[in-house]
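Participant: Construct all of the structure, not just a fragment, from the sequences and the given hints.
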Amino acid sequence: MPTWSIVLAEEGHLLLADQYFCPDTFSFALSAAGEVVLCAYSTSHSSVLTGNDQTIKLSSQYPIDRLHTTAFAGDLSSARKSLGWDDCLRNIFGVPVKAANAVGMRDLPAQLELATYFNAASTGTERLVFGLSHSAWQNKISSVTQLLVKLMNVGVFPSSSFLPPSQPSFFHSTITTIRSRFRQDNNRGCSKFWTEILNSLPSTVAQQSIFASLFCSRIAGTVGTRTKR
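Each residue of the sequence shown is one higher than the last, beginning at 73 in our numbering.
No lab work stands behind these hints: they were computed from the structure.
Since the model is a prediction, treat every value here as computed from it, not as a measurement.
Just so it is clear, CB atoms sit at the ideal spot from N, CA and C, and this is done for glycine as well.
Mixed in with the good hints, there may be bad ones.
What the hints assert, rightly or not - No more than 20 Å apart at the CA atoms, straight line, and that leaves these computed lysine to any residue pairs for SDA-like:
#, residue 1, residue 2
1, Lys-153, Gly-203
2, Lys-222, Ser-207
3, Lys-212, Cys-288
4, Lys-264, Arg-253
5, Lys-212, Arg-260
6, Lys-212, Arg-162
7, Lys-170, Ile-247
8, Lys-222, Arg-253
9, Lys-170, Lys-153
10, Lys-153, Lys-222
11, Lys-264, Arg-251
12, Lys-153, Asn-191
13, Lys-222, Gln-280
14, Lys-153, Ala-192
15, Lys-264, Asn-191
16, Lys-170, Asp-158
17, Lys-222, Ile-247
18, Lys-170, Ala-187
19, Lys-222, Pro-274
20, Lys-222, Gly-146
21, Lys-222, Arg-260
22, Lys-264, Thr-217
23, Lys-264, Phe-254
24, Lys-222, Phe-254
25, Lys-212, Gly-166
26, Lys-170, Leu-180
27, Lys-212, Leu-155
Claimed, not checked - Pair by pair, the computed Cβ-Cβ distance ranges are:
#, residue 1, residue 2, range
28, Asp-159, Pro-236, 30 to 36 Å
29, Ser-132, Leu-270, 33 to 39 Å
30, Asn-173, Ser-132, 20 to 26 Å
31, Gly-203, Asn-271, 25 to 31 Å
32, Gln-239, Gln-210, 31 to 37 Å
Facilitator: This is how it looks when you write it as structure tokens:
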């Protein structure tokens with residue numbers, strides 16, 4: 073938050089900043105609300121994060137799938153939208169580290185801890201893929217692969233079956249939902265979209281990392297099921 077947030081807090085008007093940076097649920101569906109949130113993330117990226125309530129509300133109330141909708145709405149050129157999405161991802165993925173640098177790991181809110189934050193980003197990514205699979209997705213593949221590469225770079229595709237609580241994991245967060253989607257996917261639109269996304273990843277290293285993580289999550293799930301029995 074900029075330094076004027078201190079003055080607002082002292083005068084009891086910090087709710088104004090809440091509404092300015094994170095429009096409430098009544099405004100959620102409005103396209104303008106999403107644009108405000110993109111600007112809020114940009115502002116946060118260029119200032120010192122303190123793990124405050126505004127940052128937490130942004131990440132929980134306006135997840136990655138909602139921001140993608142905003143970034144690719146409107147009449148801007150495809151190139152401008154792509155640049156805006158790149159800025160959005162940079163700002164979002166920088167939040168946990170900037171907040172931790174500002175307040176220290178001990179004082180970091182649980183919602184901004186790496187595992188919690190990026191597990192939430194993973195579930196938002198799965199929702200995004202599912203939502204796009206029911207629309208004309210051919211021109212959205214690159215934006216989703218860009219997001220997956222970002223997630224890979226922060227370590228959410230670990231190649232281990234047994235993970236500590238501090239380790240974020242895309243498939244541990246989403247595999248149950250993905251399986252359910254596939255079972256109900258009569259037209260195979262969702263599975264086809266996933267196939268196109270994975271085939272469109274920019275390198276074989278990225279593909280191998282994601283498939284290895286998927287395989288390990290399946291092993292962990294099988295062992296967990298046997299243990300419960």
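Participant: If a hint holds in the structure, say so; if it doesn't, say that too.
Facilitator: How the hints compare with the structure:
1. Between Lys-153 and Gly-203, the direct Cα distance comes to roughly 19 Å. Compliance with the 20 Å bound is thereby established for this hinted pair.
2. Restraint check for Lys-222 and Ser-207: the C-alpha separation of about 24 Å exceeds 20 Å, so the hint is violated.
3. Between Lys-212 and Cys-288, the direct Cα distance comes to roughly 28 Å. Violation of the 20 Å bound is thereby established for this hinted pair.
4. Our distance criterion of 20 Å between C-alpha atoms is met by Lys-264 and Arg-253, whose separation comes to about 12 Å.
5. Between Lys-212 and Arg-260 the alpha-carbon distance is near 18 Å, which keeps this suggested pair within the 20 Å criterion.
6. Among the hinted pairs, Lys-212 with Arg-162 is consistent with the structure: their alpha-carbon atoms are about 18 Å apart, no more than 20 Å.
7. Pair hint Lys-170 plus Ile-247 does not hold up; C-alpha atoms about 29 Å apart against a cutoff of 20 Å.
8. Taken as a hint, the Lys-222 and Arg-253 pair is broken in the structure, with Cα atoms around 24 Å apart against an allowance of 20 Å.
9. As the CA atoms of Lys-170 and Lys-153 are separated by approximately 25 Å, the hinted pair breaks the 20 Å bound.
10. Annotation: proposed proximity of Lys-153 to Lys-222 holds, straight-line Cα distance about 18 Å (limit 20 Å).
11. For the given pair, Lys-264 sits about 14 Å from Arg-251 by alpha-carbon distance, which is consistent with the 20 Å threshold.
12. For the hint pairing Lys-153 with Asn-191, the CA-to-CA distance comes to about 26 Å; that exceeds 20 Å, so the pair is violated.
13. The suggested pairing of Lys-222 with Gln-280 holds, with an alpha-carbon distance near 15 Å, which does not exceed 20 Å.
14. A distance of roughly 24 Å separates the Cα atoms of Lys-153 and Ala-192; the hinted pair therefore is violated under the 20 Å criterion.
15. Of the pairs offered as hints, the one joining Lys-264 and Asn-191 is violated, with about 24 Å between alpha carbons and a cut-off of 20 Å exceeded.
16. As the CA atoms of Lys-170 and Asp-158 are separated by approximately 18 Å, the hinted pair is consistent with the 20 Å bound.
17. For the hint pairing Lys-222 with Ile-247, the CA-to-CA distance comes to about 19 Å; that is within 20 Å, so the pair holds.
18. Annotation: proposed proximity of Lys-170 to Ala-187 holds, straight-line Cα distance about 15 Å (limit 20 Å).
19. Only pairs whose Cα atoms come within 20 Å are accepted, and Lys-222 paired with Pro-274 is accepted, the gap being roughly 12 Å.
20. A C-alpha spacing of about 25 Å is found between Lys-222 and Gly-146, which places the hinted pair above 20 Å, so the restraint is violated.
21. For the given pair, Lys-222 sits about 26 Å from Arg-260 by alpha-carbon distance, which is inconsistent with the 20 Å threshold.
22. Of the pairs offered as hints, the one joining Lys-264 and Thr-217 holds, with about 14 Å between alpha carbons and a cut-off of 20 Å not exceeded.
23. A hinted pair counts as satisfied when its Cα atoms are at most 20 Å apart, and Lys-264 with Phe-254 qualifies at roughly 10 Å.
24. Proximity of Lys-222 to Phe-254 is assessed by CA-CA distance (about 25 Å); at most 20 Å being required, the pair is judged violated.
25. Taken as a hint, the Lys-212 and Gly-166 pair is broken in the structure, with Cα atoms around 23 Å apart against an allowance of 20 Å.
26. A C-alpha spacing of about 10 Å is found between Lys-170 and Leu-180, which places the hinted pair at or below 20 Å, so the restraint holds.
27. Between the alpha carbons of Lys-212 and Leu-155 the distance comes to roughly 14 Å, so the proposed pair stays at or under 20 Å and holds.
28. Evaluation of the 30 to 36 Å hint for Asp-159 and Pro-236 yields a pass: the beta carbon distance comes to about 32 Å.
29. Our hint of 33 to 39 Å for Ser-132 and Leu-270 is violated, since their Cβ atoms are close to 28 Å apart.
30. In this structure, Asn-173 and Ser-132 meet the distance hint of 20 to 26 Å, their C-beta atoms being roughly 21 Å apart.
31. Separation of Gly-203 from Asn-271 is about 20 Å and departs from the stated range, judged on CB atoms against 25 to 31 Å.
32. Against the hinted window of 31 to 37 Å, the Cβ-Cβ separation of Gln-239 and Gln-210 comes to about 34 Å, which satisfies the hint.
In terms of the numbered hints stated before, the structure departs from hints 2, 3, 7, 8, 9, 12, 14, 15, 20, 21, 24, 25, 29 and 31, listed from lowest to highest.
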